[in-house]
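Colleague: Please construct the entire structure, taking both the sequences and the accompanying hints into account.
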Amino acid sequence: MLDIRSLEKSFGAKRAVQGVSFTLEKGTVLGFLGPNGAGKSTTMRMIAGVLEPDAGDALIDGKSIVSHRRQAQAALGYLPEGAPLYEDMTPPEFLNFMAAARKIDRTKRKDAVERAIADARITTVAGQRIGSLSKGYRRRVGLAGAILHDPPVLLLDEPTDGLDPNQKRAVRALIARMAPTKAILISTHTLTEVPALCTRAIVIDRGRVVADGTPADLAKKSDDGSLEGAFMRLTDQAEANAR
Amino acid sequence: MMEFLRQQMGGFGATYRRELGAYFATPMAYVFLAVFLLALGVFTWEAGGFFDTGTADLATFFVWHPWLYMIFLPALAMRLWADEQGAGTDELLLSLPLGMPGLVLGKLCAAWTVAGVGLLLTFPMWITVNYLGGPDNTAIALTYLVSFLMAGAYLSIGSAVSALTGSQVTAFVISVLIAFAFTAAGWPLVLSTVKAVFGTGFADLVAQFSFLTQFEGAQRGVLELRSVMFFLGFTAFWSILNGLWAARQRLG
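These protein sequences, in sequence, are chains A and B.
First residue of the first sequence? That's 101 in the numbering used here, and the numbers climb one at a time after it.
First residue of the second sequence? That's 794 in the numbering used here, and the numbers climb one at a time after it.
Just so you know, these hints were derived from the structure itself, not from any lab.
No experiment lies behind these values; they were computed from the predicted model shown.
Each residue gets a CB set at the ideal place from its N, CA and C atoms; glycine is no exception.
A portion of the hints provided could be inaccurate.
[Claimed, not checked] Partial pick of chain A residues on the chain B-facing surface, computed with a CB cut under 10 Å:
id	residue
1	Leu124
2	Ala148
3	Ser164
4	Ser167
5	Arg170
6	Tyr178
7	Leu179
8	Pro192
9	Lys203
10	Pro252
Modeller: Here it is in structure tokens:
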């Protein structure tokens, strides 16, 4: 479904992503973990076709984001970090715009928008402008936009960041409902939600993959058997190796 | 070929509708139209002496168009791309399977439509001259048409600069400066200086790139293919720059 092949990206002298590779199958929810500035968002932006990689490629449902960008993007649902949205629109207006931009057939557009609104549980705020919505609702509107065209691959950059516990649970439930039929990549630095949400986790530090396995496997790498311990140890180790 | 065009223009309709909606969802378009019409009225009547010329035509009205467009249209275009970058929605836009030409033209045409509405709302002037005398209505319609094309050229500058700077205020200031350069290049004051320094040949060349010069024939009610091609070509040139500057973001 998703095949990432040694992606690289530098910003000036800073090598943000240095040869990240992994594959992701249908039915997997992959947690993409790492400290701030590790290259999570840069990697996701390259996969989404927002940023051009310096080297490497990402195949989405078999289509290259480098050579067949539009076909690859059509198979992808992307929630950018912070869920940026057009604030002057209402959620249905926004979703209709997304549907038109994704060339969903006019006759199916209404159904797709209604389904996304129901799935993301945003029916109650459908009449309000996005600018007046709370963070949790905005995130869900962004999610609705990402799942609108029922893409086989979902890319969610910190979907639960900054949400209250109830909102987090709602977003997690939505992801869990979609999990069986899609390949989902979620970046997060909230480690506590990883075991509940993800079937597999990758730790990235300084632009490199430093660990890949199930959350339970990762936890075993620490002294105290916790994911947090493993996370600190792995990212510290990379720091030590870099010296 | 058709498939290629369809892909490149993908998102034109969606972008056009979204941008046009954005103008009217906020007071933006209404404020623009009100102030634009007010300014046009004040200049035509007060500064131009509409009633004093003694002729039933719109010469004192059209003569202000380049100068007012120079200030007002960058204000209309400045948000087109800078707003996306400010809100981070450019990331959303770039992740959609759209073509850059569709995005650029969709945005430009939305602003162009608002400018066109402003132009249409000046119809009372047209009615007034018809009430006062018997003007050459074909000539007036023609001048309106070229004025509309000229508006697109001004807007294309504003839109491109908006993509370049990413800040609305900076985009406005730079666009007005560029627009001023292309307007004033045909001003006798500027032309005589250029002629004195660089000679007549160069001054003629500079004048060819001036909106004032290109709009002159149309003001007399003459449709010059040369002017039409100039404004369309100018718009196309800046739209290409616009696309390149907007795509620059993909490089990081």
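Colleague: Look at each hint and say if it fits the structure.
Modeller: Status of the hints after comparison with the structure:
1. Leu124: violated (18 Å)
2. Ala148: holds (4 Å)
3. Ser164: At 13 Å from the nearest chain B Cβ, serine 164 (chain A) fails the 10 Å test, so the hint is violated.
4. Ser167: Violated, because the Cβ-Cβ distance from serine 167 (chain A) to chain B comes to roughly 14 Å (cut-off 10 Å).
5. Arg170: holds (4 Å)
6. Tyr178: holds (4 Å)
7. Leu179: holds (9 Å)
8. Pro192: violated (12 Å)
9. Lys203: holds (7 Å)
10. Pro252: Constraint on proline 252 (chain A) not satisfied, violated at 14 Å.
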